[in-house]
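Engineer: One-letter residues, chain by chain:
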Amino acid sequence: DSGVTQTPKHLITATGQRVTLRCSPRSGDLSVYWYQQSLDQGLQFLIQYYNGEERAKGNILERFSAQQFPDLHSELNLSSLELGDSALYFCASSAPLGGLGTEAFFGQGTRLTVV
Amino acid sequence: KNQVEQSPQSLIILEGKNCTLQCNYTVSPFSNLRWYKQDTGRGPVSLTIMTFSENTKSNGRYTATLDADTKQSSLHITASQLSDSASYICVVSVHNAGNMLTFGGGTRLMVKP
Chain A
1 DSGVTQTPKH LITATGQRVT LRCSPRSGDL SVYWYQQSLD QGLQFLIQYY
51 NGEERAKGNI LERFSAQQFP DLHSELNLSS LELGDSALYF CASSAPLGGL
101 GTEAFFGQGT RLTVV
Chain B
1 KNQVEQSPQS LIILEGKNCT LQCNYTVSPF SNLRWYKQDT GRGPVSLTIM
51 TFSENTKSNG RYTATLDADT KQSSLHITAS QLSDSASYIC VVSVHNAGNM
101 LTFGGGTRLM VKP
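First to last, the sequence lines map onto chains A and B.
For what it's worth, this note's numbering labels the leading residue of the first sequence as 1, then goes sequentially.
For what it's worth, this note's numbering labels the leading residue of the second sequence as 1, then goes sequentially.
It is worth saying that the hints were derived from the structure and are not from the lab.
Predicted, not measured: the structure shown is a model, and the values here were computed from it.
Possibly wrong hints are sitting among the right ones.
To be verified - Here are a few chain A residues that sit away from chain B, every Cβ distance over 10 Å (derived from the structure):
{"id": "1", "residue": "V4"}
{"id": "2", "residue": "P8"}
{"id": "3", "residue": "I12"}
{"id": "4", "residue": "T20"}
{"id": "5", "residue": "S24"}
{"id": "6", "residue": "Y33"}
{"id": "7", "residue": "Q44"}
{"id": "8", "residue": "I60"}
{"id": "9", "residue": "Q67"}
{"id": "10", "residue": "E103"}
{"id": "11", "residue": "G109"}
{"id": "12", "residue": "V114"}
What the hints assert, rightly or not - Calculated cross-link-like contacts (lysine-lysine; reagent style DSS-like; alpha-carbon spacing at most 27 Å):
{"id": "13", "chain 1": "B", "residue 1": "K71", "chain 2": "B", "residue 2": "K37"}
{"id": "14", "chain 1": "A", "residue 1": "K57", "chain 2": "B", "residue 2": "K71"}
{"id": "15", "chain 1": "B", "residue 1": "K37", "chain 2": "B", "residue 2": "K17"}
{"id": "16", "chain 1": "A", "residue 1": "K9", "chain 2": "B", "residue 2": "K37"}
Claimed, not checked - Sample of chain B residues at the chain A side, in silico, Cβ under 10 Å:
{"id": "17", "residue": "L11"}
{"id": "18", "residue": "L14"}
{"id": "19", "residue": "G16"}
{"id": "20", "residue": "R34"}
{"id": "21", "residue": "Q38"}
{"id": "22", "residue": "L82"}
{"id": "23", "residue": "A86"}
{"id": "24", "residue": "S87"}
{"id": "25", "residue": "M100"}
{"id": "26", "residue": "V111"}
Glycine included, C-beta positions come from ideal geometry on N, C-alpha and C.
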């Protein structure tokens with residue numbers, strides 16, 4: 001158990017709909033990362049938050065948005081869903097900013113299926 | 001542009017054999033490099049971490065090497081087991097922007113009996 005909790009584990013929804021994925025980081029971790037992994041593909045970085053503020057942005061679509069709340073949990077909002085958005089969405093958290101030993105701990109992912 | 005490239009993309013070996021996975025990166029400034037193991041449908045788990053000054057680090061049957069001059073790393077798996085079947089992902093941390101992580105595409109390893 002990495003200590004990172006993602007809900008829900010599975011989600012099936014129709015095209016055009018909107019969903020929210022939730023992530024609770026490890027206790028004390030200030031950074032949260034979101035990744036998308038399509039079938040048989042590598043992990044694609046979407047966005048990073050640090051202590052409530054957006055820190056870095058990857059190839060995140062405009063239909064997607066995220067935020068990190070004061071209690072440090074994060075939500076990834078996916079709207080106007082398309083079939084191609086079907087993927088595993090991983091959240092990771094890491095220790096406070098800086099340091100050579102920074103490690104990202106990953107949750108078990110949310111499997112999104114758009115039908 | 002920060003990039004991490006891994007080879008081969010996939011690999012099939014027989015149980016008990018050794019194998020070596022490669023990772024080349026162009027990330028700068030470099031902070032550290034980690035190898036992660038990702039079982040199918042699960043989140044990646046860290047195997048080793050290499051900093052700039054380290055050349056070799058072992059974790060059981062896994063040995064990682066790092067050549068910071070050529071910006072190459074390898075992960076050597078000794079006496080492979082069926083449970084080693086997974087994707088192995090090389091991840092390089094940038095020494096700024098909150099230690100942003102750059103992921104390689106991974107090598108999918110299948111160990112057959």
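Engineer: State for each hint whether it applies.
Structural biologist: To see whether the hints hold, each was checked on the structure:
1. For A:V4, the condition that its CB be more than 10 Å from all CB atoms of chain B is violated, with the nearest at approximately 8 Å.
2. For A:P8, the requirement that its beta carbon stay farther than 10 Å from each beta carbon of chain B is met, with the minimum near 15 Å.
3. At roughly 16 Å from the closest C-beta of chain B, the C-beta of A:I12 stays outside 10 Å, upholding its exclusion from the interface.
4. The claim that A:T20 lies off the interface holds: its Cβ sits roughly 19 Å from the closest Cβ of chain B, which is beyond the 10 Å cut-off.
5. Its beta-carbon lying about 14 Å from the closest one in chain B, A:S24 satisfies the requirement of being farther than 10 Å from that chain.
6. Listed as outside the interface, A:Y33 is inconsistent with that label: its C-beta sits roughly 7 Å from the nearest C-beta of chain B, within the 10 Å cut-off.
7. The claim that A:Q44 lies off the interface is violated: its Cβ sits roughly 8 Å from the closest Cβ of chain B, which falls inside the 10 Å cut-off.
8. Separation of A:I60 from chain B is adequate, the least Cβ-Cβ distance of about 14 Å exceeding the 10 Å criterion.
9. With a least CB separation of 16 Å from chain B, A:Q67 remains clear of the 10 Å interface cut-off, as annotated.
10. Residue placement check: A:E103 does not keep its beta carbon more than 10 Å from all beta carbons of chain B (closest about 5 Å).
11. Listed as a non-interface residue, A:G109 fails to keep its Cβ farther than 10 Å from every Cβ of chain B; the least gap is roughly 6 Å.
12. Distance check on A:V114: its Cβ is at least 18 Å (rounded) from any Cβ of chain B, clearing the 10 Å threshold; non-interface status holds.
13. Under the criterion of a C-alpha separation no larger than 27 Å, the hint pairing B:K71 with B:K37 is consistent with the structure, at around 21 Å.
14. For the proposed pair A:K57 and B:K71, the alpha carbon gap of about 24 Å is at most 27 Å, so the pair holds.
15. Between B:K37 and B:K17 the CA atoms are separated by roughly 18 Å; this keeps the pair inside 27 Å, and the hint holds.
16. The suggested pairing of A:K9 with B:K37 holds, with an alpha-carbon distance near 20 Å, which does not exceed 27 Å.
17. Taking 10 Å as the C-beta cut-off, the interface hint given for B:L11 is violated, the closest approach to chain A being about 15 Å.
18. Interface hint status for B:L14: violated, as the beta-carbon distance to the closest one in chain A is roughly 23 Å, over 10 Å.
19. Annotation: interface hint on B:G16 violated; nearest CB of chain A at approximately 27 Å, more than 10 Å.
20. Because the closest C-beta pair between B:R34 and chain A is about 7 Å apart, less than 10 Å, the hint holds.
21. Among the interface hints, the one on B:Q38 holds; its C-beta lies about 8 Å from the nearest C-beta in chain A, closer than the 10 Å criterion.
22. Hint on B:L82 is violated. Least Cβ distance to chain A is approximately 21 Å, over the 10 Å limit.
23. Given the 10 Å rule on beta carbons, the hint for B:A86 is violated: about 13 Å separates it from the nearest Cβ of chain A.
24. Contact between B:S87 and chain A, as hinted, is supported at the beta carbon level, the nearest pair being about 8 Å apart and thus within 10 Å.
25. Taking 10 Å as the C-beta contact cut-off toward chain A, the hint placing B:M100 at the interface holds, the least distance being around 5 Å.
26. Because the beta carbon of B:V111 sits about 18 Å from the nearest beta carbon in chain A, more than 10 Å, this interface hint is broken.
Violated hints for the displayed structure, listed by number in ascending order: 1, 6, 7, 10, 11, 17, 18, 19, 22, 23 and 26.
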